[in-house]
Amino acid sequence: MKTTITTKQLRSAIAAVREKSPLVHNITNYVAMNNSANALLAIGASPVMAHWKDEMEEMVSIAGALVINIGTLDGEWIEAMEIAGVAAHKRGVPIVLDPVGAGATSGRTATALRLIELCHPTIIRGNGSEIMALVDASVRSKGVDSSAQSHDAVDAAKRLALSSGATVVVSGPTDYITNGKELYTVEGGDAIMTSVTAMGCTASSLVGAFVAVESDPMVAATAAMATMSLAGERAAAISKGSGSMQVAFLDELYNLTPDKV
Amino acid sequence: MKTTITTKQLRSAIAAVREKSPLVHNITNYVAMNNSANALLAIGASPVMAHWKDEMEEMVSIAGALVINIGTLDGEWIEAMEIAGVAAHKRGVPIVLDPVGAGATSGRTATALRLIELCHPTIIRGNGSEIMALVDASVRSKGVDSSAQSHDAVDAAKRLALSSGATVVVSGPTDYITNGKELYTVEGGDAIMTSVTAMGCTASSLVGAFVAVESDPMVAATAAMATMSLAGERAAAISKGSGSMQVAFLDELYNLTPDKV
Amino acid sequence: MKTTITTKQLRSAIAAVREKSPLVHNITNYVAMNNSANALLAIGASPVMAHWKDEMEEMVSIAGALVINIGTLDGEWIEAMEIAGVAAHKRGVPIVLDPVGAGATSGRTATALRLIELCHPTIIRGNGSEIMALVDASVRSKGVDSSAQSHDAVDAAKRLALSSGATVVVSGPTDYITNGKELYTVEGGDAIMTSVTAMGCTASSLVGAFVAVESDPMVAATAAMATMSLAGERAAAISKGSGSMQVAFLDELYNLTPDKV
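Here the protein sequences come in this chain order: A, B and C. In this text, residue positions in the first sequence follow the working numbering: the first is 1, and each later residue adds one. In this text, residue positions in the second sequence follow the working numbering: the first is 262, and each later residue adds one. In this text, residue positions in the third sequence follow the working numbering: the first is 523, and each later residue adds one.
No lab work stands behind these hints, which were simulated from the structure alone. Do not take every clue at face value.
[Claimed, not checked] Under the rule of at most 16 Å between Cα atoms (straight-line distance), these lysine to aspartate or glutamate pairs were calculated in the EDC-like manner:
no. : chain 1 : residue 1 : chain 2 : residue 2
1   : B       : 263       : B       : 448
2   : A       : 53        : C       : 704
3   : C       : 762       : C       : 712
4   : C       : 575       : C       : 604
5   : B       : 314       : A       : 76
6   : B       : 314       : A       : 79
7   : A       : 53        : C       : 598
8   : B       : 521       : B       : 494
9   : A       : 181       : A       : 155
10  : C       : 612       : C       : 658
11  : B       : 269       : B       : 494
12  : A       : 90        : A       : 136
13  : C       : 575       : C       : 601
14  : B       : 501       : B       : 520
15  : B       : 314       : B       : 340
16  : A       : 53        : A       : 74
17  : A       : 8         : A       : 216
18  : A       : 53        : C       : 601
19  : C       : 680       : C       : 704
20  : B       : 314       : B       : 337
21  : C       : 530       : C       : 704
22  : C       : 575       : B       : 335
23  : C       : 575       : B       : 397
24  : B       : 314       : A       : 74
25  : C       : 575       : B       : 494
26  : C       : 612       : C       : 639
27  : B       : 419       : B       : 397
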């Protein structure tokens, strides 16, 4: 794994997550819930999955970060996302938005754009197709997998960062992290990660854990993606397929203490 | 594993899934979502889980197949299933229906029968009890597990195939696949597969991947069940219990290239 | 593992679950569904996950126990829980309530208290913070993890048991089980279990399986917690992290026949 931030910055970010154990409030999709909760526990954070409108403001008020993921959305859930997102923005709780499937249907693109306008996410993390779809309405994705190379989406990411005020992460073989001016990268991971479902969603939840404890969103997002990448390449080295990859990934996250970076 | 289709047919079907990587749109239950998505990725397909009414027609329009599974249904989801099913039928997108728990409650039986009438599924896959309940309203299941032997359900399957126009799959120690005239079989797998949740649901999702790329539903369904069976018996041989079985099953699917058949 | 019940009682309870294979109807959270279903299958029970209001009464009527878990609740689900809980109480089907996150939001605390009043659960299982929050409205939890030591909650558990008529389980490094008069304990398990999501929810589902076949709720709850503890410590001994822990836990449950106690 190679990244723009220093080893010291990465170690310090991982140490902060493990020491402060931030509560990360996820409104995420059904596929990813279990994986994301386990990944957050493995890195030392405290996950909560909650979407009931009546408790959104209260849950946000005790959270260190809010992660909104539109992977399996419907009308009720969109309302919950909006209530939570507005409350988090008002309180200064950092928000991570994962626009899963933006570009696949017009409803997803519109929902993601509306959430950006309404909630002012601190960080937006998606694959190349998703980020491009948020900038150029003519981009269509094939489902929730990326059909664009992540580097193709860097220009779109910069434009999205500038227009939204968010730090934007485009994940792929190389991850690009930008606030519109600076561009950080993470290289590493392993191709088998694309054969395990909800890896992107897990990345977004980890971004939530890091931005809860690290005030610079560029450093937080890069540290989270570097953590994914490190655990991913270590897990891939000992996996026999996509099933054992999912298991080994959690083991590697669990064992990734600052000194193991 | 022994099956009615030829090794060449099975290899060719697996190769087609891996080459074309069809988008399989699943409206499935909460228990199975993660397993089904991982199994589809492992065999080379591209899964999407989506149930928002507003995006059903658009999502179906980019899908190679639609899988409807009533495992954890409620009123809102039934509406989404109907909208998606009608849209898929109109567009000629093949539909797989998994009538989970038909016979356990009258609502499930009625929902499955209504979906058959409304959406004209290409393939219906269930266990013996479920298939029998769709033909004979007096059959009651115990929950979502099968209390009938699959061979008892063959007659019911033939009648259901003839009345619905669907290819019907009864899964069990021997899987039976029928269009009402022909009867194909798959023998193999392992008893431990019944101790892993959502294995049947996963089978239905794989049937979706195969019918997206193989135009003969009898061959598509049989190839999918043979793939389940092969991966299942290989995984069982190296598993220490139902937990490692789930992991090894995905590994074996992931490694099941045409030449490994 | 050390516990108040005898080895003979524990063996006999495990044997009863494996022989009778009770249908356990779960209305549980999205994170836990897959884990709980797999754990119930591993111990020999028959899980069903269902929350559709229209089928609640019918599903309860064929169930050996009902498990209500408020981990990812919303308005629709609360209604389903109430319908199912009232129907189960009327029919004498034992009910297990898991008040996930009571104390984290006022809505969760109120929902749990209302379900207790309405449905008269046979057993309530939670962590220390949750049980304390049900007795003392001033207790606030941090999310869904326990911030209280389980022994601090023993007094609260006794008061809750006396006021509700339920057997109350407080899980932690030592599990406490009380009907307000007697106090049973289970010592064992492993700290890594707190790094695997939905372990508490899984415990509640297992309690459901045991109370379906064992008429004394104190013995049923203790046997379930002892089973968790045994499988947990055996799995921890062979795990490399929280990912392999989840897998090994299911394997150990699957292999835990009465003679292996």
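- Which hints from the list above does the structure break, by number from lowest to highest? 2, 10, 11, 12, 14, 21, 23, 25
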